[in-house]
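Please model the entire structure based on the sequences and the hints provided.
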Amino acid sequence: MKRILDGMQKTMMAVKPPRYTALEGLHQAETASPFKILIGTVLSARTKDENTTKAVTGLFKVYNTPQKLAKAKVKDIEKIIKSVGFYHVKSRRIIEVANIILTKYHGKVPADIDKLV
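Just so it is clear: in the sequence shown, position 59 is 61 by the working numbering, and no numbers are missing.
Rather than coming from a laboratory, the hints here were simulated on the basis of the structure.
Yeah, the Cβ is synthetic: ideal placement off N, Cα and C, and Gly gets one too.
You may find that some hints are simply not true.
Calculated pairs, DMTMM-like style, for lysine to aspartate or glutamate (alpha carbon to alpha carbon, straight line, at most 20 Å) [unchecked claim]:
(1) K38 / D51
(2) K110 / E98
(3) K81 / E52
Derived CB-CB ranges, DEER-like [said to hold, decoys possible]:
(4) K117 / M10: 32 to 38 Å
(5) D78 / V119: 26 to 32 Å
(6) K110 / L7: 34 to 40 Å
(7) T105 / R48: 24 to 30 Å
(8) K77 / M10: 47 to 53 Å
(9) H90 / V64: 14 to 20 Å
Rendered as structure tokens:
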């Protein structure tokens, strides 16, 4: 069975290699944190990977903690993440997410996905 699965995986990789995504890059980055990955996930919805990468990089140059992001002004966030789709809505949402992480989870993103949903 393992041989069959290995063969299938090789065939799939040869036909269509895996795509490198913006969030995969964030996962692999030395500076990755659960908070950055969470915010990156929000920004990535309905957005090209290149635009997500640009927005995440710009955002975390200025607002690299939940505390800083929670205090940010919507207009300032909008300017930074303008390259992503629905940036007006997403700017409000990521500030809201930062506030929830601070108040409900004491600044730490919970490991249990059910708590996030």
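- Query: CB of D78 to CB of V119, is that within 26 to 32 Å?
  - Reply: 28 Å, holds
Query raised in the report: Range hint 34 to 40 Å: satisfied by the CB atoms of K110 and L7?
Result: Holds: the Cβ-Cβ distance is about 37 Å, inside 34 to 40 Å.
Next on the checklist: Given the hint of 32 to 38 Å, is the C-beta distance from K117 to M10 inside that range or not?
Outcome noted: At 36 Å between Cβs, range holds.
- [ ] Measure nothing beyond the straight line between the CA atoms of K38 and D51; if it is 20 Å or shorter, mark the hint as holding.
- [x] The given pair, whose Cα atoms are some 15 Å apart, holds under the 20 Å limit.
Is the gap between the beta carbons of K77 and M10 within 47 to 53 Å?
Cβ of K77 to Cβ of M10: about 50 Å, so the range 47 to 53 Å holds.
For this session: Mind checking the alpha carbons of K110 and E98 for me, to see if they're no more than 20 Å apart?
Result: Cα-Cα ~15 Å, so holds.
- prompt: Does the Cβ-Cβ separation between T105 and R48 fall within 24 to 30 Å?
  reply: With a Cβ separation near 28 Å, T105 and R48 satisfy 24 to 30 Å, so the hint holds.
* To do: For the range 14 to 20 Å, tell me whether the beta carbons of H90 and V64 fit it or not.
  => 18 Å, holds
When you check the alpha-carbon spacing of K81 and E52, does it fall within 20 Å? 17 Å, holds
The structure is consistent with each of the numbered hints, conforming to all of them.
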